[in-house]
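Student: Listed below, chain by chain, are the residues.
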Amino acid sequence: MISFQNITKIYQLGSKPITALENVSFEVEPQEFISIVGRSGAGKTTLLKLLLAEEKPSSGVVFFLDQNVHQIKPENLHKFRREIGVVFQDYKLLPSKTTYENIAYVMEVMGASDEEIKNDVAKVLDIVELTDRKDSFPEELSGGERQRAAIARALIHRPQVILADEPTGNLDPYHTKEIIRLLAKVNEMGTTIILATHNQDIINTLEKRVITLEGGKIIRDEAKARFTL
Amino acid sequence: MISATFKRIIKSGWKSFRRNGGLSIATIFIMVMTISLVTSLFLSQKTSDFLITSLEEKVDMAVYFTEEPTNEEILTIQEELAGLPEVKKLEYISKEEALAKFVERHQGEAVIMESLEEVGGNPLLSSINIKAWEASQYAAISAFLDTASFRPLIAKVDYSQKKPAIEKLFSLTSNINTTGIVLSIILAIVAILIAFNTVRIAIYNSKEEIETMRLVGASNRFIRGPFLVQGMISGILAVLITFLVFSVAVWFLSPKIDIIIPGLGLSSYFFSNFLVILLLQLAAGVGLGVMASFLAVRKYLKA
Numbered sequence: 062m063i064s065f066q067n068i069t070k071i072y073q074l075g076s077k078p079i080t081a082l083e084n085v086s087f088e089v090e091p092q093e094f095i096s097i098v099g100r101s102g103a104g105k106t107t108l109l110k111l112l113l114a115e116e117k118p119s120s121g122v123v124f125f126l127d128q129n130v131h132q133i134k135p136e137n138l139h140k141f142r143r144e145i146g147v148v149f150q151d152y153k154l155l156p157s158k159t160t161y162e163n164i165a166y167v168m169e170v171m172g173a174s175d176e177e178i179k180n181d182v183a184k185v186l187d188i189v190e191l192t193d194r195k196d197s198f199p200e201e202l203s204g205g206e207r208q209r210a211a212i213a214r215a216l217i218h219r220p221q222v223i224l225a226d227e228p229t230g231n232l233d234p235y236h237t238k239e240i241i242r243l244l245a246k247v248n249e250m251g252t253t254i255i256l257a258t259h260n261q262d263i264i265n266t267l268e269k270r271v272i273t274l275e276g277g278k279i280i281r282d283e284a285k286a287r288f289t290l
Numbered sequence: 030m031i032s033a034t035f036k037r038i039i040k041s042g043w044k045s046f047r048r049n050g051g052l053s054i055a056t057i058f059i060m061v062m063t064i065s066l067v068t069s070l071f072l073s074q075k076t077s078d079f080l081i082t083s084l085e086e087k088v089d090m091a092v093y094f095t096e097e098p099t100n101e102e103i104l105t106i107q108e109e110l111a112g113l114p115e116v117k118k119l120e121y122i123s124k125e126e127a128l129a130k131f132v133e134r135h136q137g138e139a140v141i142m143e144s145l146e147e148v149g150g151n152p153l154l155s156s157i158n159i160k161a162w163e164a165s166q167y168a169a170i171s172a173f174l175d176t177a178s179f180r181p182l183i184a185k186v187d188y189s190q191k192k193p194a195i196e197k198l199f200s201l202t203s204n205i206n207t208t209g210i211v212l213s214i215i216l217a218i219v220a221i222l223i224a225f226n227t228v229r230i231a232i233y234n235s236k237e238e239i240e241t242m243r244l245v246g247a248s249n250r251f252i253r254g255p256f257l258v259q260g261m262i263s264g265i266l267a268v269l270i271t272f273l274v275f276s277v278a279v280w281f282l283s284p285k286i287d288i289i290i291p292g293l294g295l296s297s298y299f300f301s302n303f304l305v306i307l308l309l310q311l312a313a314g315v316g317l318g319v320m321a322s323f324l325a326v327r328k329y330l331k332a
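Note that the protein sequences, when read in sequence, are chains A and B.
Under my numbering, the first sequence has 64 at position 3, and the numbering climbs by one with no breaks.
Under my numbering, the second sequence has 88 at position 59, and the numbering climbs by one with no breaks.
Bear in mind the hints are in silico, worked out from the structure with no lab data behind them.
Some hints here could point you the wrong way.
Stated by the list, open to error - Some chain B residues close to chain A (C-beta under 7 Å, calculated; not the full set):
no. : residue
1   : Asp89
2   : Gly246
3   : Ala247
4   : Ser248
Unchecked claim - Listed below are the simulated DSSO-like cross-link pairs for lysine-lysine, each with C-alpha atoms no more than 30 Å apart in a straight line:
no. : chain 1 : residue 1 : chain 2 : residue 2
5   : B       : Lys197    : A       : Lys195
6   : B       : Lys236    : B       : Lys117
7   : B       : Lys236    : B       : Lys40
8   : A       : Lys158    : B       : Lys236
9   : B       : Lys87     : A       : Lys158
Where is the CB? At the ideal position from N, CA and C, for every residue including glycine.
Pulled out of the complex, with its shape left as it was, chain A reads as follows (with noise of 0.2 Å):
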């Protein structure tokens, strides 16, 4: 389904090469649910940019349902991106959009019906538990609202693929368990989960696949792995 192959991606810090992620090879088959773990700057939100088409790789390539991601026309990235349902570290709401209409911002630009957005939104508003606070605009939720909106935003649509990038990283013990359970059962229903963590008590309670990455390699990669930074 997703194919990494290959990719090294460079940052030039005024004349100084920083290198993200080098020579990274790896497959992602449909419905599976894969950590990929490491410390700050070890490239997990790098590695889900380039997916996300965010970034252009140095070198590799990167398949997504047998199309290069970056040979991608500009004029189609938007209708690609609708494919991926997205868990951004910093949430990125939109700030002037209430809870709801953050929500049903994504099913509105795919062209929905008011009808389905009014029945699906209040079904997404009610398993992240935000129904209460679906007229609050994100800069009147707490971190976990926020991050449950987001959750929200990323599902509403049924993607094929979500990429959560640190989804837990403001949340409490309680919280963040809620968040991978949830993140599990959408797994369950069909869709392939990429999620990007240094919190190991979570991949730990996942035994799934994890992939382990430093300075921008792959350490290791195992099939139901506890896991230890």
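Fit chain B to the supplied structure of chain A, relying on the hints for placement.
Tutor: Chain B in isolation, oriented as in the chain A frame:
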């Protein structure tokens, strides 16, 4: 689906406009200033045209004849002069009419009247008063008179005496026009740049929001639409405010301006050109709002 999307874009634009109240008010304020400037330039053009025309109306040249020409000669001369494209109006004044006007003008001035009696008879010459369309055209008419077929009948042309005054007027009107055009262009550019920058700053604040919209799969059209709607709403409101302010200002100030510049009729000009002014303002306001939004958003959609 297209109409549903269009409806969503309008709704989203209107919501953002309301929710970003402070920024929207600032944008409208700057646009009101810009549209006011454009409207002022339009009205000042009318005022300067009026001033130039009234000054030019006061200038003419006269051709004096050696002796009273025959009716046939007058007709030929008038025909030849009327054939010139520079000539706007001709008026023949016979010796008798000239004397009658002279007497009327100097009634009560004993010295002048006594001098006239002493000279005896009618010392004045018959003449033709010529009015050109523009002050700059008198030189061409004068040149024509120098080579005209009826030249032997001409005693004098008063162009040479009036030439300095005419040239001064010509230079003045030409300066007013040039200065007006240059000033208008500079002010319009400054105003447009300020309005453009205000909209750009407003959209710059939404830079990250635009980036997020792209990442969650919104098309460029869906992202751009609400910003264009916001620009349009700002433009329309700015036009309405400016039009209201100008209507009230012209209504109250017009009588006072008419005292300073009699016959200008700014109020009747403004209200009789109601549609033109409104369209001009709409073009400036809405065009500016939409164009500025389009260009500012485009920058963040390119990446």
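Student: Taking the hints in turn, state whether each one holds.
Tutor: Now for the hints, and whether the structure bears them out:
no. : hint                   : in the structure
1   : Asp89                  : violated, 67 Å
2   : Gly246                 : holds, 4 Å
3   : Ala247                 : holds, 4 Å
4   : Ser248                 : holds, 5 Å
5   : B:Lys197 with A:Lys195 : violated, 75 Å
6   : B:Lys236 with B:Lys117 : violated, 62 Å
7   : B:Lys236 with B:Lys40  : holds, 20 Å
8   : A:Lys158 with B:Lys236 : holds, 15 Å
9   : B:Lys87 with A:Lys158  : violated, 67 Å
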